[in-house]
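Participant: Chain by chain, the residues:
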Amino acid sequence: MEKQNVQGENYQVIGDPETSTVYFKGSLRLGGMKEYEPIIKILDEMIQQDPSLITLNLRELEFLNSSGISMLSKFVLNVRKKKTIQIEIKGSGKIPWQGKSLKNLQRLMPGLKLELE
Amino acid sequence: MHKIFGEFQENLSDEQEFLILGFSPSSIPIQQRWRNNGLSADFVADYLTTFFPAIYEDPDPEGKRVEIKGAVSYIANELLENAMKFNDDNSSYPIKFGLHILDIASEITLVLLATNSVSQQSVHKFQSFIQELLESDLDELYIRQLEKSAEDETGGASGLGLLTMKNDYFAKLGWKFETVKQEPEVVTVTTMVQLKV
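Each protein sequence line maps, in turn, to chains H and U. Going left to right, the first sequence walks through residues 623 to 739 as our numbering numbers them. Going left to right, the second sequence walks through residues 180 to 376 as our numbering numbers them.
If you are wondering where the hints come from, they were derived from the structure by calculation, not from laboratory data. Incorrect hints may have been included.
Stated by the list, open to error - Here are a few chain H residues that sit away from chain U, every Cβ distance over 10 Å (derived from the structure): (1) 629; (2) 632; (3) 651; (4) 682; (5) 695; (6) 710; (7) 716; (8) 723.
Said to hold, decoys possible - With a Cα cut of at most 30 Å, we get these calculated DSS-like pairs of lysine-lysine: (9) U:264 with H:647; (10) U:355 with H:647; (11) U:360 with U:248; (12) U:182 with H:656.
Predicted model, so just to flag it, every value in this text is computed and none were measured. Each residue gets a CB set at the ideal place from its N, CA and C atoms; glycine is no exception.
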């Protein structure tokens with residue numbers, strides 16, 4: 623499978639099936655779930671590949687609105703349902719929202735590995 | 180109608196710094212100016228940090244600046260998104276956004292406000308969500324709403340923005356509903372977020 627790419631004015635999301643990694647970059651403040659659909663598709667297809675580990679790399683994601691947090695929560699809950707996949711989130715300690723809000727994803731799935739560099 | 184919920188300060192002093200932005204829903208459809216929310220939120224956050232004295236007294240001024248800017252831009256963006264999303268577009272009442280800096284005995288509180296008109300039907304729904312937010316155990320409600328919004332295909336009104344402000348940013352929240360015009364009646368809601376920095 624080839625790499626998938628969704629790009630907007632201020633953001634880019636790349637899904638790399640070879641490493642089962644999804645990279646998020648820039649500022650994501652789309653208006654509700656409908657607009658997040660193309661990104662949700664990348665995340666869903668990653669789950670369908672059924673790897674043992676999916677990595678979300680958020681180190682360059684400066685901003686995420688609450689609809690985006692909702693999208694990530696939905697992804698975590700879908701993975702939890704499947705029971706065969708682990709999640710690793712690579713974040714940045716320098717980006718304030720990540721230190722504040724990403725730990726909530728761990729509460730949805732206690733085995734989730736969160737690394738804030 | 181004049182109803183207050185949560186922690187709401189009426190009659191904010193205008194003797195200290197403040198900034199107010201206004202948006203007229205009748206000029207361009209609100210959905211088309213979604214992009215403006217991010218621009219306005221970043222502007223307000225940048226504007227604030229340029230003259231904020233506490234930053235320079237902090238042992239890590241750059242870290243403090245980044246932290247305040249991050250919090251203000253997140254909260255301002257969520258308030259603006261909500262105001263645009265829930266505004267009653269049948270009314271031509273403007274959407275207002277305000278930021279006040281209150282310095283009381285060297286303790287600084289940032290007050291962020293957004294006002295929009297609301298339709299009669301949505302007033303009750305919103306007020307019962309506010310009641311739930313004020314009365315529930317926050318941790319539990321947060322996880323419940325996350326799960327609920329994940330199940331909800333439309334991903335509509337989960338209140339997740341307000342919950343993250345309270346849960347992740349330790350902000351105080353308050354609301355004022357008031358009738359601002361009769362015949363036809365226009366009701367507005369002002370959401371107030373107070374953040375100690």
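Participant: None of the hints should be skipped; say for each whether it holds.
Facilitator: Here's how the hints hold up against the structure:
no., hint, verdict
1, 629, "16 Å, holds"
2, 632, "8 Å, violated"
3, 651, "5 Å, violated"
4, 682, "15 Å, holds"
5, 695, "4 Å, violated"
6, 710, "20 Å, holds"
7, 716, "7 Å, violated"
8, 723, "5 Å, violated"
9, U:264 with H:647, "25 Å, holds"
10, U:355 with H:647, "37 Å, violated"
11, U:360 with U:248, "36 Å, violated"
12, U:182 with H:656, "34 Å, violated"
Consistency note: the structure conflicts with the earlier hints numbered 2, 3, 5, 7, 8, 10, 11, 12.
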